[in-house]
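Peer 1: Listed below, chain by chain, are the residues.
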Amino acid sequence: MSVVDRQEWDVVVVGAGGAGLRAAIEARERGARTAVICKSLFGKAHTVMAEGGIAAAMGNVNSGDDWQVHFRDTMRGGKFLNQWRMAELHAQEAPQRVWELETWGALFDRTKDGRISQRNFGGHEYPRLAHVGDRTGLELIRTLQQKIVSLQQEDFRETGDYESRLKVFQECTVTRVLKDGEQVSGVFGYERESGRFFVLEAPAVVIATGGIGKSFKVTSNSWEYTGDGHALALLAGAPLLNMEFVQFHPTGMVWPPSVKGILVTESVRGDGGVLRNSEGERFMFDYVPDVFKDKYAESEEEGDRWYDDPDHNRRPPELLPRDEVARAINAEVKAGRGSPHGGVFLDVSTRMPAEVIKRRLPSMYHQFKELADVDITAEAMEVGPTCHYVMGGIAVDSDSAAARGVPGLFAAGEVAGGMHGSNRLGGNSLSDLLVFGRRAGLHAAEYASAEGAGRPRVDDVQVDAAAAEALRPFSAEGGEPADGPPENPYTLHQELQQTMNDLVGIIRREHEMERALQKLAELRVRARRAGVEGHRQFNPGWHLALDLRNMLLVSECVARAALERTESRGGHTREDHAGMDRSWRNVNLLCALTDPTGGLAGTDAVRGQIALTRERTEPIRPDLLALFEKEELVKYLAEEELYE
Amino acid sequence: MSSYEARFKVWRGDVRGGGLEDFAVEVNDGEVVLDIIHRLQATQTPDLAVRWNCKAGKCGSCSAEINGRPRLLCMTRMSVFGRDETITVTPLRAFPVIRDLVTDVGFNYAKARQVPSFVAPEGVGPGEYRMMQEDVDRSQEFRKCIECFLCQDTCHVVRDHEENKPAFAGPRFLMRVAELDMHPLDAAEETGLDRKGTAQDEHGLGYCNITKCCTEVCPEGIRITDNALIPLKERAVDRKYDPLVWLGSKIRRR
Amino acid sequence: MRTGTRAAIAAPHLRTDRWWLAPAATAAGLLAFVVYSTWRAFANADYYAAPYVSPFYSPCLAENCEPMKAGPNWELFGSWWGISPAIIILIFPLGFRLTCYYYRKAYYRGFWASPPACAVAEPHARYTGETRFPLILQNIHRYFFYAAILVAGILTYDTVLAFRDENYQWGHMGLGTLVFLLNIVLIWAYTISCHSCRHIVGGKLKHFSRHPVRYRMWQWVGRLNARHMQLAWASLVSVALADFYVYLIASGAFDDPRLF
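Residue numbers (my numbering), protein chains in the order written: chain E, 2 to 645; chain S, 21 to 274; chain G, 8 to 267.
Simulated from the structure, these hints should not be mistaken for lab results.
Among the clues, some could well be false.
Unchecked claim - When the alpha-carbon atoms are kept at most 25 Å apart in a straight line, the in silico SDA-like pairs for lysine to any residue are as follows:
(1) Lys270/S <-> Thr138/G
(2) Lys29/S <-> Arg13/G
(3) Lys213/G <-> Pro263/S
(4) Lys213/G <-> Thr218/S
(5) Lys335/E <-> Ser399/E
(6) Lys164/S <-> Ala207/S
(7) Lys29/S <-> Thr138/G
(8) Lys29/S <-> Ala15/G
(9) Lys113/E <-> Arg221/G
(10) Lys213/G <-> Lys29/S
(11) Lys185/S <-> Asp124/S
(12) Lys164/S <-> Gln146/E
(13) Lys261/E <-> Val45/S
(14) Lys29/S <-> Ala128/G
(15) Lys29/S <-> Glu194/E
(16) Lys270/S <-> Pro186/S
(17) Lys213/G <-> Asp221/S
(18) Lys636/E <-> Tyr127/E
Computed from a prediction, not measured in an experiment: that's the story for all the values here.
Use the sequences and the hints to build the structure in full.
Peer 2: Here is the structure:
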């Protein structure tokens with residue numbers, strides 16, 4: 002049996018982005034001793050990449066805004082597949098969560114009368130995004146980080162130890178959620194720095210690990226986004242919801258190759274940037290879908306007037322939800338009207354004076370100047386779709402953020418599914434993190450304290466199995482020679498990314514996804530032989546070999562669910578099933594492990610690890626349905642839903 | 021433009037020792053130094069340790085020293101170097117090394133904890149905060165900080181004098197003191213906390229000799245010295261070297 | 008704080024650029040000025056050629072000054088002052104520049120090698136910065152700033168007097184007048200762009216929105232302040248130039264070309 006460092010905590014939060022930190026703050030404030038585990042350094046989480054803002058119906062800029070309007074926009078954006086109760090809670094609580102940040106020291110951009118300024122964004126009817134230039138995510142993460150430090154200072158004054166009630170384990174990776182019978186009993190992980198294993202025993206675990214973008218080749222996501230939380234939940238027996246919905250952000254950089262995929266914030270369009278093809282045409286006017294026809298401008302003149310007079314004009318179609326814009330760009334490039342490096346042109350230089358661009362979009366200016374040698378105040382940017390966000394995720398209870406089927410497991414943020422339906426609106430993710438991060442922390446703390454004296458026990462056998470699984474890549478070389486030579490994890494990762502990008506990307510076809518599933522099965526077999534050199538101390542090859550398990554699991558979920566859903570909706574576009582099908586509106590697809598008892602070693606590598614089930618969604622509450630016009634609902638809802 | 025083979029020297033080792041190792045590696049159009057390090061990992065040295073995250077200059081993880089200058093690996097384009105130049109990549113020098121290019125930056129997190137946090141004003145609830153843009157501009161500039169700790173690394177106060185570490189918070193955290201002191205609603209003073217005085221007494225502002233290396237390395241272009249450190253020094257002067265204020269505080273104490 | 012060992016790199020630095028150029032140039036420039044100004048300050052000669060008075064000797068506060076009609080010679084110091092009267096007054100601009108935030112950087116780097124350049128190891132075993140005597144005195148910069156305002160005021164007066172001719176008749180302008188004008192503009196720009204000034208006019212405020220006029224002034228000073236280094240050098244050269252111009256005329260080496 003391996004000797005592993007063990008500690009006891011009340012709540013363990015996996016992930017230190019916006020949702021994880023907000024959960025940790027809440028759990029600690031509710032009296033739970035809370036540990037946070039993150040793969041990077043504290044304060045470096047992917048949330049810093051969020052640029053545009055936090056959507057919250059505070060009505061500071063346009064007093065017509067309120068939570069009902071925000072709720073409507075969110076449901077429309079998600080094509081009515083959203084877990085409506087989440088969308089409701091989200092719209093109601095977001096303003097409180099933003100204001101709270103101010104009391105912790107956040108400094109948002111201001112309106113003339115000293116309130117929080119709000120900006121326009123795709124899919125939002127009113128200016129709604131609280132922002133700080135184009136570095137809102139950084140402000141969010143720093144504020145939460147500093148709030149945690151202030152709680153630690155409080156604890157230091159009382160106990161003489163900064164980390165007595167709230168501790169951040171940075172640069173650590175969790176590889177397994179441990180269970181005592183049905184319930185959660187803790188987590189198993191390793192320190193990246195030393196390679197040492199550790200176990201944190203806790204009755205409640207909050208998963209807040211973010212997304213899965215690193216399974217795709219062109220992505221705006223960082224290396225951390227390997228779907229760890231999704232896989233941890235699956236392996237712990239919790240199902241994943243609607244994994245086919247992957248958002249491709251319409252505007253990522255396309256050149257130079259080494260930065261391909263890096264995000265170009267939507268604020269560029271919100272602040273007046275326009276999309277043109279190689280013929281100089283503002284092509285978005287040709288791509289307004291029927292459901293949005295009466296909400297968007299029909300001429301360039303009307304669209305341009307909207308920036309100054311939003312009450313009497315309709316918004317330009319550049320501000321359609323992200324899925325629509327991404328598809329439009331994809332279609333333009335395919336039709337041969339793309340830019341030299343395979344994107345389209347996004348231009349602000351002819352729309353705003355250079356000074357204004359530098360003030361409102363400082364990091365975009367910086368990013369293009371430094372990385373592509375392009376001066377966005379003088380020339381157009383080249384942009385194209387990039388894998389950005391996964392709407393699918395761990396199936397959770399709307400109010401408590403508790404994962405289904407595993408008592409003690411909670412999930413918040415991108416890793417949780419349901420909130421955004423089939424497509425997320427820009428700005429809704431940061432508010433999602435805060436609203437459901439807080440809820441997850443709150444309910445995890447309550448669960449942990451109600452749980453009382455009988456803390457779940459950590460099973461030594463599980464710990465040993467987890468340790469053996471984590472050490473596999475070191476023994477791969479000498480292990481089973483009959484299987485063939487050890488595989489390079491970097492090569493496997495590249496092949497996986499290429500497969501997902503080409504075969505389960507922005508436009509999907511049945512035969513391609515079938516090919517993807519075959520390729521995934523092959524990669525799964527080879528991944529078992531992934532071998533690494535060197536020792537356990539800060540060894541990136543080893544880390545990647547372990548992350549591959551997660552990416553392969555999640556990729557299979559995406560591919561299987563995408564193959565199953567024979568319609569196009571939001572972040573899921575089927576070339577062979579082009580339209581939105583109302584009969585799919587109330588269908589959720591749930592992914593679970595085919596072999597929930599065993600470890601992966603026991604799974605047949607070829608047959609696949611994921612089983613899909615269909616589930617009817619809960620009918621939308623009548624008072625919420627009443628917020629919409631009947632004519633609009635007809636476009637989305639099935640007949641029987643309308644008359645219930 | 022085409023690809024070419026560049027010569028690299030990368031420091032490899034750990035606390036027990038180490039040295040520069042030579043590599044020849046392919047470089048393509050538009051790449052940054054971090055791309056080359058990744059190529060080394062994928063093709064030659066799978067266990068080469070490097071810390072990175074966003075690869076877009078926003079998270080501040082991939083700090084290292086390139087040709088002796090503290091920089092972000094992801095924001096240093098290969099095109100700034102000549103093709104025949106040997107590029108030397110070493111870990112941050114002011115901090116203990118863990119392995120290869122990864123250093124232990126715990127010093128910075130310890131210092132962060134020593135700066136008292138924002139103090140919310142009494143009687144102003146969430147949603148009631150009113151601040152004018154011109155009043156938040158200064159602190160907002162400092163909040164652009166991505167905590168890459170390049171300023172902490174380059175500052176000779178601790179880079180060249182390990183013994184000064186306990187007494188000196190470093191540019192990043194002196195700037196944090198300035199940020200809070202300039203925050204229009206920070207109520208520290210009402211609770212008896214004098215940020216201006218403590219900057220000198222507890223965070224070692226006096227060690228700074230304003231030689232501006234922190235400003236030079238800042239990847240966010242924050243004017244740390246001119247806008248944070250010097251104003252903070254002036255604020256400390258208000259407290260401690262202004263004879264009238266000094267006299268006043270003496271009298272009041274009696 | 009975890010203790011540990013830094014990466015074993017023996018070289019004091021790995022910079023490949025000409026990092027020594029900037030500190031060397033700074034040191035050379037400052038040294039040249041020090042040598043020149045020491046010579047001129049102690050010379051006690053050739054500092055007045057009506058209507059021009061060298062900025063090194065203005066105001067002239069001892070009895071042994073050359074008489075300057077309506078000029079800035081006020082005999083505050085009696086006849087006991089035997090050496091050059093420049094010494095009395097130069098202490099103020101010298102103190103202002105010595106404690107100036109830019110010059111501090113320049114001479115700490117150039118003369119003290121503390122540090123010689125960024126990421127280049129400094130040669131000292133210990134470092135306490137400005138925490139103790141004497142360098143803690145750098146904190147009195149703002150008082151020198153107040154004095155510098157007075158001195159700049161007097162130099163402005165001198166510049167006005169430069170519109171007289173050698174017979175003290177108004178309505179003259181020579182090349183020297185232009186030199187003086189240039190110098191006084193640069194002196195003011197340097198003085199106003201001072202960091203202490205920036206603090207005093209507005210930087211010390213917590214709420215700009217409640218003091219719109221001072222906020223304006225702070226922004227204006229801030230714009231100048233961003234060029235403090237350039238102004239420091241430009242005004243250093245111009246003040247030496249003005250002095251040298253007076254020297255050339257006073258010593259008879261050159262005649263002031265008259266413009267009108």
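Peer 1: Confirm or reject each hint.
Peer 2: Taking the hints in turn, this is what the structure says about them:
Between lysine 270/S and threonine 138/G the alpha-carbon distance is near 22 Å, which keeps this suggested pair within the 25 Å criterion. Proposed proximity of lysine 29/S and arginine 13/G is supported: the alpha carbons are some 18 Å apart, at most 25 Å. For the given pair, lysine 213/G sits about 22 Å from proline 263/S by alpha-carbon distance, which is consistent with the 25 Å threshold. Straight-line distance between C-alpha atoms of lysine 213/G and threonine 218/S comes to about 17 Å, which keeps the hinted pair within the 25 Å bound.
The straight-line distance between the Cα atoms of lysine 335/E and serine 399/E is roughly 40 Å, outside the 25 Å bound, and the hint therefore fails. Between lysine 164/S and alanine 207/S, the direct Cα distance comes to roughly 22 Å. Compliance with the 25 Å bound is thereby established for this hinted pair. Distance hint between lysine 29/S and threonine 138/G is unfulfilled; the C-alpha atoms sit about 39 Å from each other, more than 25 Å. Under the criterion of a C-alpha separation no larger than 25 Å, the hint pairing lysine 29/S with alanine 15/G is consistent with the structure, at around 15 Å.
Distance check on the hinted pair: lysine 113/E and arginine 221/G sit about 19 Å apart at the alpha-carbon level, within 25 Å; holds. A C-alpha spacing of about 49 Å is found between lysine 213/G and lysine 29/S, which places the hinted pair above 25 Å, so the restraint is violated. Between lysine 185/S and aspartate 124/S the CA atoms are separated by roughly 14 Å; this keeps the pair inside 25 Å, and the hint holds. The suggested pairing of lysine 164/S with glutamine 146/E holds, with an alpha-carbon distance near 14 Å, which does not exceed 25 Å.
Our distance criterion of 25 Å between C-alpha atoms is met by lysine 261/E and valine 45/S, whose separation comes to about 21 Å. The suggested pairing of lysine 29/S with alanine 128/G holds, with an alpha-carbon distance near 21 Å, which does not exceed 25 Å. A hinted pair counts as satisfied when its Cα atoms are at most 25 Å apart, and lysine 29/S with glutamate 194/E qualifies at roughly 23 Å. Under the criterion of a C-alpha separation no larger than 25 Å, the hint pairing lysine 270/S with proline 186/S is inconsistent with the structure, at around 30 Å.
Using a Cα cut-off of 25 Å, the hinted pair lysine 213/G and aspartate 221/S holds, with the two alpha carbons roughly 21 Å apart. For the hint pairing lysine 636/E with tyrosine 127/E, the CA-to-CA distance comes to about 23 Å; that is within 25 Å, so the pair holds.
Violated hints for the displayed structure, listed by number in ascending order: 5, 7, 10 and 16.
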